[in-house]
Amino acid sequence: MNRSIEKGVEVLIKTCGYFTSVVVVLIVFFLFKEGLSFVGSTPVEEGFSIVVSKANSAITINSVQAKDIFDSKIHNWSEISGKPDFIRLFDLDDLLEIFSPEELGADFENSEVCIRRLLDSLPGAMVVVLNAALPKDHKLHTLQLDKITLYSFLSDRQWFPTAKPVGVYGALPLLLGTLLVSIMAIILALPFGLAGAIYLAEIADNRVRNWLKPLIELLSGIPSVVYGFFGLVVIVPFVQQVFGLSVGETALSGSIVLAIMALPTIITVSEDAIRTIPSDVRQASLALGASHWQTITRVLIPYAASGISAAIILGVGRAIGETMAVLMVTGNAAIMPHGLTHPVRTIPATIAAELGEASFGGLHFKALFALGCVLFVITFVTNYIVDSISRKRKI
Amino acid sequence: MNIKIKTQNVHLYYGDFHALKDISVGMYEKAVTALIGPSGCGKSTFLRLFNRMNDLIDNVKITGEITIDQKNIYQIKQSHIDNLRRNVGMVFQKPNPFPKTIFENVAYGLRVNGINQEKVISDQVELSLRQAALWEEVKDKLKKSAFELSGGQQQRLCIARALAVEPSILLMDEPASALDPISTAKIEELIFELKKDYTILIVTHNMQQAGRISDYTGFFLNGELIEFDETKTIFTNPKNNKTESYITGRFG
Numbered sequence: 001m002n003r004s005i006e007k008g009v010e011v012l013i014k015t016c017g018y019f020t021s022v023v024v025v026l027i028v029f030f031l032f033k034e035g036l037s038f039v040g041s042t043p044v045e046e047g048f049s050i051v052v053s054k055a056n057s058a059i060t061i062n063s064v065q066a067k068d069i070f071d072s073k074i075h076n077w078s079e080i081s082g083k084p085d086f087i088r089l090f091d092l093d094d095l096l097e098i099f100s101p102e103e104l105g106a107d108f109e110n111s112e113v114c115i116r117r118l119l120d121s122l123p124g125a126m127v128v129v130l131n132a133a134l135p136k137d138h139k140l141h142t143l144q145l146d147k148i149t150l151y152s153f154l155s156d157r158q159w160f161p162t163a164k165p166v167g168v169y170g171a172l173p174l175l176l177g178t179l180l181v182s183i184m185a186i187i188l189a190l191p192f193g194l195a196g197a198i199y200l201a202e203i204a205d206n207r208v209r210n211w212l213k214p215l216i217e218l219l220s221g222i223p224s225v226v227y228g229f230f231g232l233v234v235i236v237p238f239v240q241q242v243f244g245l246s247v248g249e250t251a252l253s254g255s256i257v258l259a260i261m262a263l264p265t266i267i268t269v270s271e272d273a274i275r276t277i278p279s280d281v282r283q284a285s286l287a288l289g290a291s292h293w294q295t296i297t298r299v300l301i302p303y304a305a306s307g308i309s310a311a312i313i314l315g316v317g318r319a320i321g322e323t324m325a326v327l328m329v330t331g332n333a334a335i336m337p338h339g340l341t342h343p344v345r346t347i348p349a350t351i352a353a354e355l356g357e358a359s360f361g362g363l364h365f366k367a368l369f370a371l372g373c374v375l376f377v378i379t380f381v382t383n384y385i386v387d388s389i390s391r392k393r394k395i
Numbered sequence: 001m002n003i004k005i006k007t008q009n010v011h012l013y014y015g016d017f018h019a020l021k022d023i024s025v026g027m028y029e030k031a032v033t034a035l036i037g038p039s040g041c042g043k044s045t046f047l048r049l050f051n052r053m054n055d056l057i058d059n060v061k062i063t064g065e066i067t068i069d070q071k072n073i074y075q076i077k078q079s080h081i082d083n084l085r086r087n088v089g090m091v092f093q094k095p096n097p098f099p100k101t102i103f104e105n106v107a108y109g110l111r112v113n114g115i116n117q118e119k120v121i122s123d124q125v126e127l128s129l130r131q132a133a134l135w136e137e138v139k140d141k142l143k144k145s146a147f148e149l150s151g152g153q154q155q156r157l158c159i160a161r162a163l164a165v166e167p168s169i170l171l172m173d174e175p176a177s178a179l180d181p182i183s184t185a186k187i188e189e190l191i192f193e194l195k196k197d198y199t200i201l202i203v204t205h206n207m208q209q210a211g212r213i214s215d216y217t218g219f220f221l222n223g224e225l226i227e228f229d230e231t232k233t234i235f236t237n238p239k240n241n242k243t244e245s246y247i248t249g250r251f252g
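From first to last, the protein sequence lines are chains A and B. Heads up: the first sequence begins at 1 in my numbering, then just goes up one per residue. Heads up: the second sequence begins at 1 in my numbering, then just goes up one per residue.
The set of hints was computed from the structure by calculation and includes no laboratory data. Don't be surprised by glycine CBs; every beta carbon is placed ideally from N, CA and C. Treat each hint with caution, since some may be false.
[As the list claims (entries may be wrong)] Covered stretches of chain A (chain B as the covering partner; in silico rule of three or more C-beta atoms under 8 Å from a C-beta of chain B):
1. 270–281
2. 284–298
3. 301–307
All chains, full assembly: derive it from the sequences and hints.
Structure, rendered in structure tokens:
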């Protein structure tokens with residue numbers, strides 16, 4: 001009887017284990033499937049085509065150039081290595097003004113002919129037209145756009161996913177924004193966190209520790225939106241005043257808020273690591289005539305290195321993945337970061353801010369998933385690096 | 001032989017607990033003194049008086065007089081405790097090397113005491129490792145982690161580490177209790193060699209060990225030093241019944 005219950009529990013636990021592992025793998029698989037399908041697509045808004053003359057369809061331009069054309073920053077084909085001719089933009093409304101409804105047809109069934117006529121008279125024209133308004137088997141030439149590659153996604157310096165009709169998907173500003181805010185946060189949090197851990201583990205007497213430690217642990221339970229609010233009310237004006245800025249929502253504000261958020265984790269995990277060192281080791285150092293401080297820096301911290309690096313991993317993880325608080329205090333400018341006292345936007349903040357406006361399954365939607373993959377890879381690589389460093393340190 | 005370490009009416013309290021009761025004894029220079037007794041009898045606490053390790057525990061109160069070389073070690077300046085601890089080396093129950101290389105483990109005591117000429121350090125490391133009978137086994141892997149050594153080797157490394165700062169007294173708190181018989185035999189041989197130069201106090205649970213290696217033996221029970229005499233006398237002709245009962249294995 002007992003045996004069969006044991007067997008049953010064993011099977012149950014095994015099944016749960018398999019299930020969990022499969023779910024984790026599936027989530028990663030789903031993330032990368034969506035994200036990778038973004039690579040290789042053309043950055044034209046879904047459902048639209050950009051029709052040009054036959055000669056101009058031989059030119060391939062990138063999404064930034066396309067955006068400049070539609071923002072009227074590029075006016076001539078010669079600027080994008082074509083023959084000198086003005087670029088004239090037309091959309092469906094323009095067609096309706098140029099041609100009578102009879103010419104176009106009630107359901108745009110003659111649109112192909114009309115557009116061809118327009119292009120014959122104005123070879124430099126660029127017509128943005130709904131696919132639905134074109135016959136399925138039309139023979140018109142479309143504008144050649146660079147496909148999105150992994151390299152262009154990671155190295156392009158502009159992020160305008162909502163630009164119409166060609167979106168610009170350069171994740172570099174977001175990537176750098178994330179790294180800037182996170183690295184600065186860790187630089188701020190690590191010394192304070194380590195100092196706090198050393199104080200709690202080695203210097204504070206029991207009475208102080210007994211009420212201080214639960215208090216610090218409590219801090220890690222506060223929702224991040226509250227930290228964001230605190231940052232908005234306290235840190236942002238503080239940064240604004242200290243640096244004499246016109247806006248206080250900067251990378252630095254984000255770093256400070258993140259550092260504050262990462263502190264409880266870093267302190268408690270490192271403190272545990274230091275406290276669990278056998279007291280023998282501490283005493284052996286003191287028994288050799290080492291001072292308390294020498295013991296801490298030369299024996300205890302190296303001894304706790306793996307625990308401390310676990311604390312760093314958790315802290316970095318929190319910093320890189322943190323969304324809400326950062327969204328609230330960094331100013332959310334998706335531009336190349338100019339420095340700590342300028343607004344930036346991080347990857348998680350971008351996903352949170354833009355997912356609502358991206359159409360489900362569309363290019364923008366996939367781009368956000370691709371950002372998620374980038375975030376995943378960053379976290380993975382950081383964990384790996386910190387882990388291998390601490391393994392090397394653990395002599 | 002000279003008396004090196006002396007205690008006079010020493011009492012020690014952990015809070016309300018009276019851990020050592022009125023202990024007066026003198027221990028001889030360049031001899032091995034074994035401290036025996038059942039668990040919790042105060043022998044480790046007694047050992048830790050002499051490098052002031054008990055200071056690390058909260059709520060400890062010590063009265064009486066403890067002298068090393070006629071100097072009261074509880075009336076020195078706080079800043080001289082480091083000097084005291086350099087003069088009184090300690091080896092612990094479990095091997096506890098630092099997370100450093102074999103070389104740096106032994107060099108640690110020198111470095112923290114402000115010695116930084118590499119030649120002096122490497123000479124002293126070799127000498128200490130030779131004294132601890134470990135040199136031949138580790139001379140080719142000084143840059144390897146101390147954790148790669150076996151338990152017995154780690155314990156000898158800890159002894160070398162203690163010897164490196166040239167103490168005159170060595171306190172050993174059950175140094176072989178976590179080791180296998182062969183490593184234990186090596187440690188015992190080593191203690192026999194070391195007593196030519198060092199005053200050794202060793203706490204042990206192992207009666208045969210005390211008999212084999214020590215010149216003097218003190219028997220502790222419930223915080224009292226019941227009997228202190230030459231090891232021969234204690235083991236063959238104890239004056240106190242309790243000592244006899246313990247040694248013959250009737251309790252403990």
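Here is what the structure says about each hint:
1. 270–281: holds (count 3)
2. 284–298: holds (count 10)
3. 301–307: holds (count 3)
In this structure, none of the earlier numbered hints is contradicted; all agree with it.
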